[in-house]
Amino acid sequence: MSLPAFAALLERLVFTPGRNAKLALLRHWFATQPDPDRGVGLAALTGELALTTAKPALVRDLVAARTDPVLLALSHDYVGDFAETVALIWPEREGVNAPPPGLAEVVEAMEVTPKSELPALIAGWLDTLDANGRFALIKLVTGGLRVGVSARLAKTALAEWAGQEVNAIEEVWHGLEMPYRSLFAWLEGHGPRPDPKDAPVFRPLMLAHPLEEADIATLDPAAWRAEWKWDGIRVQLSATPGGRKLWSRGAEDISTSFPEIIEAMDFRAVLDGELLVMRGSAEGKIVAPFAELQQRLNRKLVTAKMMAQYPAAVRLYDILFDGEEDLRALPFDARRARLEAWFARLRPQRMDISELIPFQAMSELAEIRAGAREAAIEGLMIKRADSPYVAGRAKGLWWKWKRAPLTVDAVLMYAQRGHGKRSSYYSDYTFGLWRDDGAGGQELVPIGKAYSGYTDEELLWLDRWIRNNTTQRFGPVREVAKALVLEVEFDAAQRSTRHKSGVALRFPRIARIRRDKPAEEADRLETLERMIVGVEQN
Amino acid sequence: MHHPETWMQVTPEGLFCVPGGFHVDPARPVARAVITHGHSDHARPDHHRVLATPETLAIMRARMGEGRAGRVQQALAPGETVNHNGVTIRLVPAGHVLGSAQVVLEWKGSRVVVSGDYKRRPDPTCLPFEPVPCDAFVTEATFALPVFRHPPAAAEIARLLESVRLFPDRAHLVGVYALGKCQRVIRLLREAGWDRPIYLHGALVALSALYEQLGMPLGELRPVPVPEKRGGGGLLAGEIVLAPSGAEATPWVRRLAEPVVCAASGWMRVRQRAKAKGVELPLIISDHADWPELLQTAAEVQAPEIWVTHGREDALCHALAARGVRGRALHLLGRGEEDEGPEAELPGALQPQPAEAEAQRAGQPVERPDTQAQPRAGGANRQAAPE
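Chains as they are written, first to last, in the working numbering: chain C, 1 to 538; chain Z, 539 to 925.
Some clues are possibly wrong.
Stated by the list, open to error - Distance condition first, Cα-Cα at most 25 Å in a straight line; then the derived PhoX-like pairs of lysine-lysine:
no., chain 1, residue 1, chain 2, residue 2
1, C, K400, C, K285
2, Z, K813, C, K482
3, C, K139, Z, K767
Since the hints were made in silico from the structure, they are not lab data.
Here chain C stands alone, though its shape is the one from the complex (with noise of 0.2 Å):
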């Protein structure tokens, strides 16, 4: 495949809001392109693209050589966007006949090349090609590919054009590397499904509904178990003779930032649990609150006084392999009584088990949620007690029954800038929750602005965010891609016929920004809608 073929795709996903319309690119795309550029293309989709990347000043240098410095600015001026000015711009050569590079050839010579012969290789290959493959190459070489495709999505697409499970590639996804020929001929039935061995690979994990106040009297007590929902990150261990993982719930790798964590994994096993900050003995452990695990996150350079500072720890709550053994098929209790076995016998440094909560009625364990005062307690997991490890939200098997206040996790979508003191910032937030568009689609309707709530350093990084994301601009206000998930935190949720919503919240702040979690999981607005009927009353 050549890059042109990929720009094209990629000029077809950013402008497509359908998800089916985006799943159909896709499979189109992973049906007629060749090995290996589709795997690089692939891997450029995930996320999983490693890439040399030149400066934007290199693409600036040489397209300044090349043009009239007055048309360029006025360019740009009219464009925006300068990748995109350049690409536009950029004088086509007479007499160039070399073709267009292909994605893997251009992967391959970015690694290769010295850095004082990239102008050159570059150069020549923006000659070769047209305007949207000259957009793509800018955005590749300069590490700014932003597709508008989750890796989740891609991943969607290969199975459904290949008939197979999502979940079945995602297990094996980790273990494979760039341009996955192994994956491609497994899929295309002409080669045995990869084998993992014994990669660390991420397994997709088993999630929740949130718990309605109407659903608690249909539960019968004796076949349920429950548990504190512990405020942190959820994530999965996976430590196997090829080596040691910690994932996110998106299948996100953050074993650099966590290397005490890491070290403790001195066994043979897949552990679901909840990453915290914790402190104390083993007695007398003290959660601490969100803000300072955010500490730790996204770190490239962990320093021996951050990890002094912020203690990392992983409460258990789940045992999918114990060494070699798949126990995912065990009823909840049976893996519970492995976890607790497993435990005691080996004793892991920086872990613990998430205590059950004994009960005997359901009123009695809204009163235990309505007392818990513990900061680092979102609220309470219940779960059946023979249900299956599935991948997933399945219904029925697992509740989050979150204490008050109120939260919805919404998405980002307006931002606009404050006043006083924060006029250069990006500070009031608009935020949406989606809904089905009545066309088979969904949509994100705004539910409410918030303009606290955040810390100083929040309030740094959501500025940059949505500097570097914005789509549209209408005076002082931006559009933002609907990629960010705020927590937000509000009192109440009222009624109102002056919101396009139908939702008014009394109080809303931001809790937190959810970095870990993808839009499309943001809450629905049916969720926020049942929480006027089930207010709280404190």
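Fit chain Z to the known structure of chain C by using the hints.
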């Protein structure tokens, strides 16, 4: 020789030929008007006498009604000349839309060419542009930035047809201008082998019929059907539907099967533009000269000065200066309101023309898109400027 500025002047009505006593493409009603082509920002109603090509006159009658398309119409075929008060008038093809012409004026050995709107690419629906050497060349500058280099139209049509194959369960709705772009896209589709019926929004029916009357076969055209029951949808999956730009934001569109919204316009070159309009498949098909065509034309007409009517005159004048040509911005008012001007997206641009209104009276379904519902996309370029 008389310098062109001494006898061609800018008045509030527009460009005025002083010795001839007539305007070219005036923005307000005048006694005598020479009209380059039928787009509404060049051809206005209620002039007393109008001189234009037979096709442009027919288009004006269809759009404005007989009574308003000039009380006295005088047809001048391309290549013929007339003399008026010592000024020789000749019409030369401009390659923009059917009937479009450059107005070549000569007075006492001085020659001015008013090109109207034009392009240099082949267009199966009109005669190609012919460069005429002159002392002053009056040009548009709609796409006068080096970022505008239109790809071959056939390649854009191929992308549309590929999308139709990829999404057979959806209708493809292509936003076009009623005069010129609509019929050109139809002809390009026919040349690409698309021989299925092409479905038209009511606002496009009359002018397409006129093209056929004027000898431009377009193949089988059908009006977009009305759903059997009110609010019904799911129509025309796998088909190509043409509609005025903006119709995709109106209730009319609900009858179509999950439409892929396409737009055929030179503006689709800029992502921000396509994004702001919610276009899913931008097709870069323009009836205006792109940057290389503007510079090529400037070179071929060999004019020592070039007057720019509307568009990005700053960039064009800068580039001309570097080539030793004097560029002069005329700042004509009211231009770019139809066809590919950004103002075309403002409310009002979709008002039915008299011809369409007549079609409505004749019982043909004519939809009037709710222009108020459209986003104001004009000026999206400015929004993207760095702070």
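>> Given the hinted pair K400(C) and K285(C), is their Cα-Cα distance within 25 Å?
In response: It holds: about 23 Å lies between the C-alpha atoms, which stays within 25 Å.
>> Need the status of pair K813(Z), K482(C): alpha-carbon distance at most 25 Å?
In response: holds, 14 Å
> Does the structure keep K139(C) and K767(Z) at a Cα separation of 25 Å or less?
Replying inline: violated, 48 Å
Checked against the numbered hints above, the structure breaks only hint 3 and satisfies the rest.
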